[in-house]
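What follows is the residue order along each chain.
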Amino acid sequence: MKKYDVIIIGAGPAGMAAAIQLRKDGVEKILVVERNPSTGGILNQCIHPGFGLYYYKEYLTGPEYATIMKDEFSKLQIPCLLETMVIDLDINKRITVSSKQHGIRQIAAEAIILATGCRERTRENIQIPGTRPAGIFTAGQAQNLINCRGYKLGKRVIIQGSGDIGLIMARRLTIEGYKVVRVLERLPWLSGLIRNKVQCLDDFEIPLELDCQISKIHGKERVTGITFENKQTSRKTRVQCDMVLFSVGLIPEIEILKKNHIIDDTIFSARVDSNFQTDLSGVFITGNALHIHDLADNASKEAENTAKKVKLYLDSPNKFEKELTSTLPYEIPEQNKDYDSNFFKKLDESGKKICILCPKGCLVNKQEWGCKRGKQFYLDEMNKKLRQFTTTINIIQNGKNIQIPVKTKENIPISWIRKLKAKLSKLDKRNKDNFTIDFKNRKINFITP
Amino acid sequence: MHDIIIIGAGVIGCALARHLSTFKLDVAVLEKEFDVAEGISKANSGVIHAGFNVKPGSLKAKFNLEGLHYFPHLCNQLDVPFFNCKKLVVARKPEEIPHLEKLMVQGRKNGCSGLSLINKEEINKIEPEVNGVKAIYSQITSFVPPYEFTIALAENSRINGVEYHFGQEVESVAAKESHWQIFCSGGNTYKSKLLINAAGMASDKILNLITPSPVKIYPVRGEYLILDKNNNKLLSTAIYPVPPPDGRGLGIHLTPSIEGNILLGPSAEPISRIENTANTAKILAKLKLEAFKLLPELSEIDIIKSYAGIRPKLFKPGGPVNEGDFFLKEIPAKMFNLIGIESPGLTSSPALAKYVTDTFVAKYFKLEKKKNFISKRSGLKTTRNLHPKKLHDLWKENNNFGEVVCRCEQVTRGEIIEALNNPLGVQTLNGIKKRTRATMGRCQSGFCLPRICELMEKEFGFAPNKIRKNSKNSNLLTGFKE
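If you read the protein sequences in the order shown, they are chains L and H. For the first sequence, position 191 (counting from the first letter as 1) is numbered 191 according to my numbering, and the numbering increases by one without interruption. For the second sequence, position 123 (counting from the first letter as 1) is numbered 572 according to my numbering, and the numbering increases by one without interruption.
If we strip away everything but chain H, and leave its shape as in the complex, we get (with noise of 0.2 angstroms):
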């Protein structure tokens, strides 16, 4: 019997898990696939929100603004990159301009930090190649890569003894006199005191499972472009335009990694069904001219990757944008639900596991800090901007770090042997990926992909037919006999 349990291991998960393996507290977190951030997580641009674009007094505004100045110190602790990449928005033709200024009202009444509102020339010294009349600067807007930090939390949590439990999709609930007993598709059952449901884009479901909720999620699509490291140089801040009124996003915005690859994205299309993640021609081809529009340089084979995220919106298409505010609630007891946890979600990941644990958890069980808690976390060794006698260093310790298995990305052999090898026991194409960006460069694993089946196979032990991409059914080498 575990104290608690968190279905979905996206960022909201694993921010709790790790806050809470700082107490004394037996904590499993499950997850309907093979590996964490492989939701919601995933597929967003990764900014730290400085905080103007919330309606203030929502939840969305407390959150954002609490979380988002735990992520330097945080960042720092599960060395994860955080990039203070600061943020424009953009007014293209003067009648944007009220617009910018309600979004600076908004901003100074959540309490905002960092921000002015600046004129065509000092946008120009920003970023030279941005047209615009005028623009928001905000100087605390920063960039983490979504999954790496979702990735690190989990990995901390885990050494500090956060059981995580993949491929379990929690099929039913029944509440026990004194417990939850959580029935998953595998057959496993498991038990605990309380129950946290942070399950992303099926949260509305699970909480369906016991009672019925009070709240829907209505699903929007983002699609991304990737761009080419090569075209960093043009880009540092990122870039947003002033935001749609319709509430579903942002706005197609260009976001600068820390890597230097842009990402461009997403749109807004409201769907019908939560796992679609597929790529549209319409959407692509707007991506695409938006893309040239801004960087007239840009060539076809630069755009190196697509790919789509959902947002869980609690407002209707068309409706109205204020019933849209994060849905956090403990309903029935014993059970907290965090549903709707859209953008800004990543930023508020910290702060909201906080409150979960201040509102909810201390509620049932005294906090007691570990004595043990290992605050600190490294992350994989990267080869690829390390100095050459620094990597020649690595080498004599471990000569795999001197074959490179990716070149796109640089990486080495010892890098991927790492990431098979971490806490979580994640072993797909896709967890490699994540952790080590092979696969992940302008090849899209033309060239690794062969050189990781054969390392997995001879190392690992795989069965070819056994290398999967992500989730259960993605076998990548279909084509051996069972």
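This is chain L alone, in the form it adopts within the complex (with noise of 0.2 angstroms):
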């Protein structure tokens, strides 16, 4: 049985971080575990901008985050089985995999750690009624099926849950075609960033509604409609739609863990110590794993530093074991309760705009800024509103046709994306390039990751 000084589970923004953070450090032998094609994760998936702003200083997308990390990890020359799961994680450090390249193996570490991310939480979790017909998915699964499979899902869509995923879907599915009928949030708040709700849901006129549950899904072969309520004014009102999307939360997937009884199943995540360490010595949990962070950078940023607690234990396992305390590493950051009905009635009395160039939100105007982007993205704002447009292209390499993310390199009038969009999915592309389309005269840029 081979064995490492580290097996890291999952390549995701995590998981990769850890990875370099150790190398960096000088561990020599580590082995990354991937069950997908490519490293990356959940990041392959998420084409939109609005990563690395504070891990890599860059507004950059998904795929190109993910894109920066693989470049390291070559450069460091980091061994990673991709399309391979764990099947099994015992208490002796042990690792079961199976890989249709490889089959069955077991393989041990000096330490592990998970960076396994999370899952959605499912319409099921919290019991909507109704009927069971095709046409229900979670927000996740649809940026799946649309963005790396190029499949389209349905027509009308009803979005339950304005966490970030749900209202990035919602921009998504407009873009693509798709009528999004409404956002509802269960909560008398917003739950995703502010910034989101600014350029995915008012950029395109799409009406959130606050205190809202569905309370019916209707339709027996393909769902044909949706019931919600309004909790303040016990209000029901019906709705037509042929597709609902769950955003309504994520659950840490830990489950290899629970499956040896290594951690207690009464508790819904993971514990660990001050040093991301689980009850079991030499096994550690980080990332989305461990809790779920608002952004990819904050979990990458988490795994760095559990990748050097990591090494402190591989120097000396006894000494790291004195060390333990057990104060949580990391802090809950609390829900952000400020964007309530009354805000955005406020909101619009004031005339006030929200930034949107970072996660931060600063309402400005004229007089009142948060930075000095801030004044000018006011004024850009009054002018013209200008965005980064990002979505996928089809293209033809090698006799295969694979869908690829794109984005514009300037922001462009929200106004141009659909016809912009409809140029696109008419374009004859054989290569992964940088490309240039002529558009109003113009000629406008677009990057691959």
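Calculated directly from the structure, the hints in this document are not laboratory data. Watch out, some of these pointers could steer you wrong.
[Stated by the list, open to error] Which chain H residues stay away from chain L? Per the calculated CB distances, all over 12 angstroms, these:
id, residue
1, S507
2, L566
3, N568
4, K574
5, P690
6, G696
7, A811
[To be verified] Straight line, CA to CA, 25 angstroms or less: simulated PhoX-like cross-link-like pairs of lysine-lysine:
id, chain 1, residue 1, chain 2, residue 2
8, H, K737, L, K236
9, L, K231, H, K735
10, H, K845, L, K3
11, L, K216, H, K731
12, L, K216, H, K735
13, H, K907, L, K152
14, H, K915, L, K179
15, H, K839, L, K100
16, H, K838, L, K100
17, L, K258, H, K839
18, L, K100, H, K845
19, L, K400, H, K915
20, H, K921, L, K152
21, H, K838, L, K93
Remember, it's a predicted structure, so these values are computed and weren't measured experimentally. All C-beta atoms in this analysis are idealised placements derived from N, C-alpha and C, irrespective of residue type, glycine included.
Combine the two chains into a complex, taking the hints into account.
What follows is the structure, encoded as structure tokens:
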């Protein structure tokens, strides 16, 4: 049986950051195990921009963020088993992996880092009544079907949940030609970032209804509509749609630990000490597998810190144990309850804009702004709303039709997006290089990751 | 021209098909859905009953007691898991004890074995988490996955020559001089000498097509919750309350499944439409409360699925319970009807198949055993409980068994391909789900659905807009232009 210093399960923003940090700290025998055909994890399906502002000080799309990490991986020659699923982890820190290419193998390590990310809460977890027809998806599942595989899921959509994935998907679906009828939020305030409400809902005039939850799904074979209830007024409204998206929270994916009862069944997230270590010495958890981060950047940053602890563990496991405290190594940010109906009403009256250049979401006008860029944003916003446009295109490479994400180099007016999208769908492209298309007597530059 | 046509591919239709396939007969099954076990047989607790809940002298009692003994052997032949989970019927209050005693007497009259009345201490020895003052402990009560059992019956009968026609909703039936002519919604016509009506929820309607049915089905819906596998160590026995006196059902109970999930339910609500399998806020809240009461350590994310099934009751809500026996009759001549086959229908199914064959089919055909009958069926390979060495050997034979597609239930590409190549030709997402458990786990298809769609498209040539959840108009990816 092969033995490594560290095995990292999962090559998403957390797992890759941990591996890179460990290698930089001089750890030799590292192995990363990833179930997908490429590294990057969920980043690959997040084709929208907004990643990397903190971690790379750059404004990147998900696939671009993943590409930077991938390049660093190859530079540092970190070995990664792709298309390989970990099906077991035992108390002796041996993992059993399964893959089409190599079959079933056992591999051991001094330390194991779980960077297995999270899964989506489903309609079932929140017990939405009604029928069970085709056309009900979780937001991330729909994102994968559309952005990675090019499927078209339906036409008229209701989204339950105003978390970031729900908001991002509202925009993405609109760009793809779906009609997003409404976004519903069970709580009296917005769940996701305020900038995402501006650039995903307001830009496309998609209504958000707070205090509302689907009370019934209709349709026997395919969704035909929903009824939602306003919790304040108890008013019920029926809406026609052929598709429902649920974006109702994320759950750390640590089932591999539960299998051997390494952790208590009764706790929802895994218990770790101040060193990110579980009850089992040498087994660590980081990123969304530990707790849900609002930004991929933060998951990467946490993983870096975890990797530093793992290095200490490898250097002297005994001393490491003594330094252990039960303080959690992370803080769960308090839910932002600012953006309620009152806030939106006041915002409308004040004439202020929300700056979307960073996740802070400052309120800006001519006199007040968060930073210099905020002032410029306000001036631009009053003149012409400019946005970076991201989507996917089909290219034919080596006779195969593949779908890749693209983004505009410069920001473009929102009003161009639909026509530009139509033009892109007629593109005959046979490589992954950056390209330019003529549009309204201008050259629009597109960048591929 | 077929010798026999069976309408309905639920557990009754398929048990009949399987039994008839042992004889030299030409049998076909017509089913309106795209798979077997899509109605009552899909959504029940899967309990093989010991027979103390049924009225002495009733048809239910006769076929329950006879049917249950076939299961161990039949499941072995058909490679279906059979789990002797045993059962406790628990009286929570002293007032309920007389009801238990009545059930004991009824059980003895019916000839049940393995029954005993036990006290609080004995209950807690069996299930420490369960609170009760007294209970009936039934040692022969067992569990089979009901749709797996139905699929197995159908597949084995298919191998032995029975034809299955899916998407065939019977619209009208004409009685010709020597045969039946059956017209289906798609425009297809079938002919047979004998007709068997095992159409479940629609069985009274089917009889009405030919002659006014003397009985009417009153649908009673039962809603269920399914709990995640992590909780299985909390329960290994089926736990029932003392049955409510309205005769609508056996009360909300907990059934441990072979895979470690717990089924919680069903409720019993009279409804007006037989196809109304929607879940309701009221019952879901009630079931949830019940689940937390029984298993206080449960968290909300442990509830991974809700569903509802319909019971085909033969008595009006609030009406006399005694009228609710199975309706088994040949009317008109050459047509046999099985109507109102509710609980214990699954348990009774093998015995009913034998009964219909011996009393009805034997009148018109000389029953001659097939010499080349294949009694054994092998189920699909599963990888999730295999030892790594065995799994590796399987991978050596076919490397698709190395690629995990469904992470929650650990289902490989190899298993999904085998399921899509099933002998019945079923190629729907629910078909894959019922055969492999892919999409059945805690993430409810979040992870594996895109992978399964791609597999169906690339390996089986499905146009994306032809990928269906289950029935004809349940297309998953409808945004594609036709």
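Hints, one by one, checked against the model:
no.: 1; hint: S507; result: holds, 34 angstroms
no.: 2; hint: L566; result: holds, 33 angstroms
no.: 3; hint: N568; result: holds, 30 angstroms
no.: 4; hint: K574; result: holds, 23 angstroms
no.: 5; hint: P690; result: holds, 22 angstroms
no.: 6; hint: G696; result: holds, 26 angstroms
no.: 7; hint: A811; result: holds, 40 angstroms
no.: 8; hint: K737/H / K236/L; result: holds, 23 angstroms
no.: 9; hint: K231/L / K735/H; result: holds, 20 angstroms
no.: 10; hint: K845/H / K3/L; result: holds, 24 angstroms
no.: 11; hint: K216/L / K731/H; result: holds, 12 angstroms
no.: 12; hint: K216/L / K735/H; result: holds, 17 angstroms
no.: 13; hint: K907/H / K152/L; result: holds, 16 angstroms
no.: 14; hint: K915/H / K179/L; result: holds, 22 angstroms
no.: 15; hint: K839/H / K100/L; result: holds, 15 angstroms
no.: 16; hint: K838/H / K100/L; result: holds, 15 angstroms
no.: 17; hint: K258/L / K839/H; result: holds, 23 angstroms
no.: 18; hint: K100/L / K845/H; result: holds, 10 angstroms
no.: 19; hint: K400/L / K915/H; result: holds, 22 angstroms
no.: 20; hint: K921/H / K152/L; result: holds, 19 angstroms
no.: 21; hint: K838/H / K93/L; result: holds, 19 angstroms
Taken one by one, the earlier hints all hold for this structure without exception.
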